[in-house]
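Asks: Chains as they are written, first to last, in my numbering: chain Y, 452 to 959; chain F, 192 to 888.
Certain hints may be false.
[As the list claims (entries may be wrong)] Just the calculated beta-carbon pair ranges, DEER-fashion:
(1) Phe828/F with Asn561/Y: 30 to 38 Å
(2) Ala796/F with Ala818/Y: 23 to 31 Å
(3) Ile612/Y with Lys831/F: 15 to 23 Å
(4) Ala818/Y with Phe781/F: 35 to 43 Å
(5) Trp927/Y with Ala683/F: 51 to 59 Å
(6) Thr800/F with Thr908/Y: 33 to 41 Å
(7) Leu524/Y with Phe828/F: 32 to 40 Å
(8) Phe463/Y with Glu360/F: 48 to 56 Å
(9) Lys904/Y with Ser195/F: 52 to 60 Å
(10) Phe206/F with Leu457/Y: 36 to 44 Å
(11) Asp816/Y with Phe803/F: 21 to 29 Å
Source of the hints: derived by calculation from the structure; they are not laboratory data.
A virtual CB, placed ideally from N, CA and C, is assigned to each residue, including glycine.
Each chain, written out:
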Amino acid sequence: MEQNLLLTYLLFTPIIGSVLVLFIKQEQKNLIRWFGVLIASVAFVISLIVYFNFDASKSEFQFIHQIVWIQSLNVSYYIGVDGISLLLVLLTTFLTPLTLLSTWSSIENNLKMFTFSILFLEAGMLGVFLSLDIFLFYVFWEAMLIPMYFIIGIWGGERRIYASIKFFIFTMAGSLLMLVAIIWLAVYASQLTGKFTTNLIELYKIAPTITQQIQGWMFGAFFLSFAIKVPLFPLHTWLPDAHVEAPTAGSVILAGVLLKMGTYGLVRYCLPLFPQSAVQFAPLISVLAVIGIIYGALVSMVQTDMKKLVAYSSVSHLGFVVLGTFAMTIESVQGAVIQMVNHGLSTGALFLLVGVIYERTHRRDIAYYGGIAKIVPVYSTALLIASLSSIGLPGLNGFIGEFLILLGSFKSQVLDNWWYTVFAASGVIFAAVYLLWMYQRIVFGVVKNPDLKNHLTDFNKRELIVLIPIFVFIVWIGIYPSTFLNLTEAASQSILNHVSSFTFDFLK
Amino acid sequence: MTESLLLNLSLLILFLPLLGFTVVLFLGKKFPKLYLFEVGIITTAFLLSVFVLFAKLSYFTAQDIGSSFTWISMSAAPLLGNINIELGIKIDNITAIMLFVVNLISFLVHVFSIEYMHGDKRYTRYFSYLGIFTFSMLGIVLTDNLLMMYIFWELVGLSSYLLIGHWFEKKSAADAAKKAFIVNRIGDIGMFIGILILFTHYKTFSFDIIFQQLSLGNIPFNSEVWLTAAGILVFMGAVGKSAQFPLHVWLPDAMEGPTPVSALIHAATMVAAGVYLVTRIFVMLTADAMLVIAVIGAFTSLVAATIALTQNDIKKVLAYSTVSQLGYMIMSLGVGAYAFAFFHLVTHAFFKACLFLGSGSVIHAMHHEQDIRNMGGLRKKLPITYFTFLISTIAISGVPLTSGFLSKDGILAGTLAFGKLTGHWLIPIMGFTVAMLTAFYMFRLVILTFHSEPRDHHKFEHAHESPFVMAAPLVILAVLSIFIWYTPNPFAPDAGWFMKDWVKTPASVVPVETQFDFMNPSSSGNHSELHREIVHSPLYTEAMHWAHYPAMALSIFLAGMGILVAYLMYQWKKINADKLAEKIKVLYNFSLNKWFLDEVYDATAISGTTNFSKFLSWFDNTIIDGAVNGTAWLGRFFSKLSDMFDTYIVDGFVNFSAFFSGFIGLSFKRLQTGKVQTYIVFVVFAVIILLLFFKPF
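Please model the complete structure; the sequences and the hints are all you need to start from.
Replies: Here is the structure:
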């Protein structure tokens, strides 16, 4: 197979950058900041090069790079992209520099370590999306917990220690079962073929032959780990705490990319490795997803903390992604993939926007605000657009994802019941309720607190530079989603083909 | 004149207001004069729409023009085949007329607003919002498919949200904006699911293809229930947007928006979008679906009319009258009087816009006084406003020689025919009752506002007639409320070009057994041909014919009665309104408080949801998070136990061993005295013991 080093460059740019940053003197804050942004931007440029050289018509993995790593276990450093992972890689490299820019003035304490953590985190996330070796995947999956743990634990709010430990242990506990399943799979492969392997492409062929009952357990082990990361109801409670306590940058990365690792795992591992079990459990999982959609929306309705409100809205939105994934129609899976990006953009934007006023007032409680439209009109407009995008207004990105997911789940043969769609659709109403209500309480009315007039100022240039690109994509996806859907179509298609080839009796 | 020219012009009309919105929104703050750009844009769009209307009706009278493109495509899905999601526009006669109506009213409202909104804090922003509203509304009008209808449907909801909330400093305005958006969304979800049913079965959103398939007998999932359900669900969108019972509650609140907005959006155009939607899906409605629609429409019009009787806010009266009239249109579609429903949509748009702008003129003159109890005598101060308002009132009351008479009479005849053919007499009874109530409350409004003596002298003294830019739109709209524009014979609406040549009832495409008998043209069974020129079955035509004069006579009589009672009570004061209200206090309060529907919703749906949310939030914090923290606690508890085990048992054993060894050592240490004598004693004892033990001798 032809080797291509491009993805390795991409993966190692933030790793090397994170090491180099340690050599800069702590006092040279601006240098550290610029360096961080530079490295993250270089990674973005490399990912763009990948994008422009990517052949979206093929469903195979491209830009493959493979080096033997642990000979005796037949584990290799094996990376590559298909449309789905490329889209998420782009999301990661797109958001990281913006995140670093957004913290320009809010992080002062131990800046070097912070920049190191963010870059290291980026590498971890990229590794998760790029890995084609399940062992390598696991290494990245776990490695990325560490920088996030520090980001919440060091630069977080008051209850940061509680939140960071909860985040760490909760997600770690889930992934241990996955490790067991990975080892089991490798051993199973060695029994079947005489060769121990953790190569994902080979396992795609091997794993579906596991007997139904054991496959169920294997599926469960993987699923639990991903479901915690998504997070799927009722495994979500680490999320609000983590979001509330994390600094803005942490929340943006968490919502923007980290949660997508869970949904990506479902698409990349759960579905193709264990197709029979995936189909078997799809109705059950979809019930949880739909409960999550409504539950998350209702709970966010009564939150008094802006960040908590947005955090619970994530539970609701990601319920859509899980529903789309397990409805297993081309529309729903495509919708789920684009919804991953949408959620990253809109919720990322919402967290950034909350961060903007938090930085000025150090208040997150909705009740403190009111009437800020008069003080910060541009900000108010931006908040409206981000909210509307999250609400799923046609013309903005959120609509496309929800629309395709609902469309696909309605006709899904795997779910074979339209009530899922009906209930999920009601989440769309509640989304309007909690976001518009929040918007009204923050933005409309008369200026409630005289303090606001003194402290609140509209965007500065740096904040505009951070937000404008996000809004460009929010509108772009809303108006012409084909740019992005075409990228992932072949990959989604091939996963579904793969699933249906093993579960023909389920899919008629 | 070519088709492509017409298409391109329509697209231009569609996108011009979007351009206006974008430019004015982003640059309006720097260049306050840019509102003129928006006005110019809308003027252009209006002129173009006049041209399109003329061209369509004269060159392509019987031919529809359309074009579409693929928006999203997914090829070769496993077992499903290609999926193409297309967007496109289609211009038929109804579209062309709607383009004209929307652009005309939008244009007049823009002009009116120049003066009315003068000095507003967010003047340019207001105009840019008018732009995005017009864009969204035109999208609804032009679409040839359900998806695009839904997209623009939501965008209209957004622009309505923005415009109702224009004065967001007022809590009531912000509340009303939110309420409008959310209540509309409830209807929209029903519509969305209806669309999903249709798309899942037909793999297309296109009206024409769906109807064509239907006419071939291909119905959703081979079940008439699904077909009926799809019709009713899509209609739910109209229930939201056209403010039908039980989702009508947002419209009266929406009056918090600036009055020209009420005229444009919440009277003439956006709320008519629901009616327009039903005309679009009319051919796929089964008898059951039509009956549901007729009942909802009739009930809505009755509810709203009874509420309008007692309201004291000039805009609230007009708002409920709008709800009532929209109910009329919906009812009309339900009973099969398709063309009259659309006709009423158009005539109502003009006279209701005139009434709203008139009320705006009054409010403007009275310095934002909206309570009619504080008005009176204004006809002397505001002659132009008064006359135009009066003409429109006459029109809405259904007095002959007006446009309202033509369209209302047709609707009432339709309900009567429907009653005769199906036995559902309750619908015409409600319809005629509403006709009388409408005449009454509209004249009550006119008398209290313009006639008699001024009740608030201070405000009266300062009142002044509105300037030209506000008066001119009123005159134009009032003139359009006269019959002559629609038919040469003021007593025969279907004798005119509007009904005879332009708007034709399309034949139903649903299977014969699911139609009303009268909808089925018994002459032939040729269902494949779309948009045939058959209006209805001979049966229906006959019934309409039968109903025509009785309906006319009855409606004139009832309108006269309504007007007479209004005069008796408010002009001549022969009946004391207050005493009457006192006598029927229960009914009066019921009407004044809008059937207590807001209170009912508050007590049920709203507080129910809020309390449930609060419960869930508690559940989340206590139970789910409690489980997580409980697990953590258990973990710590077991660690503690292990710690204790480690300290006391494991370590204890080790320490005990050490202690024991030490103890032994200590014990034996005492023996080591260092004295030779002692050691000799030990040795002797040892030897003796050994000797005794082994007995060597």
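Asks: For every hint, state whether the structure bears it out.
Replies: Status of the hints after comparison with the structure:
For Phe828/F paired with Asn561/Y, a C-beta distance near 35 Å keeps the hint of 30 to 38 Å intact. Between Ala796/F and Ala818/Y the C-beta distance comes to about 24 Å, which sits within the given range of 23 to 31 Å. Ile612/Y and Lys831/F have their C-beta atoms about 19 Å apart, which keeps the hinted 15 to 23 Å range intact. Hint check: Ala818/Y to Phe781/F, Cβ distance near 37 Å, so the stated range 35 to 43 Å holds.
Separated by about 55 Å at the C-beta atoms, Trp927/Y and Ala683/F satisfy the suggested range of 51 to 59 Å. Checked against the hint of 33 to 41 Å, the pair Thr800/F and Thr908/Y passes, with Cβ atoms roughly 37 Å apart. Between Leu524/Y and Phe828/F the C-beta distance comes to about 38 Å, which sits within the given range of 32 to 40 Å. Distance hint for Phe463/Y and Glu360/F: a CB-CB separation of about 54 Å, consistent with the stated range 48 to 56 Å.
Here the CB-CB span from Lys904/Y to Ser195/F is close to 56 Å, well matched to the stated 52 to 60 Å. Checked against the given bound of 36 to 44 Å, the beta carbons of Phe206/F and Leu457/Y, roughly 41 Å apart, stay inside it. Between Asp816/Y and Phe803/F the CB atoms are about 23 Å apart, so this pair conforms to the stated range of 21 to 29 Å.
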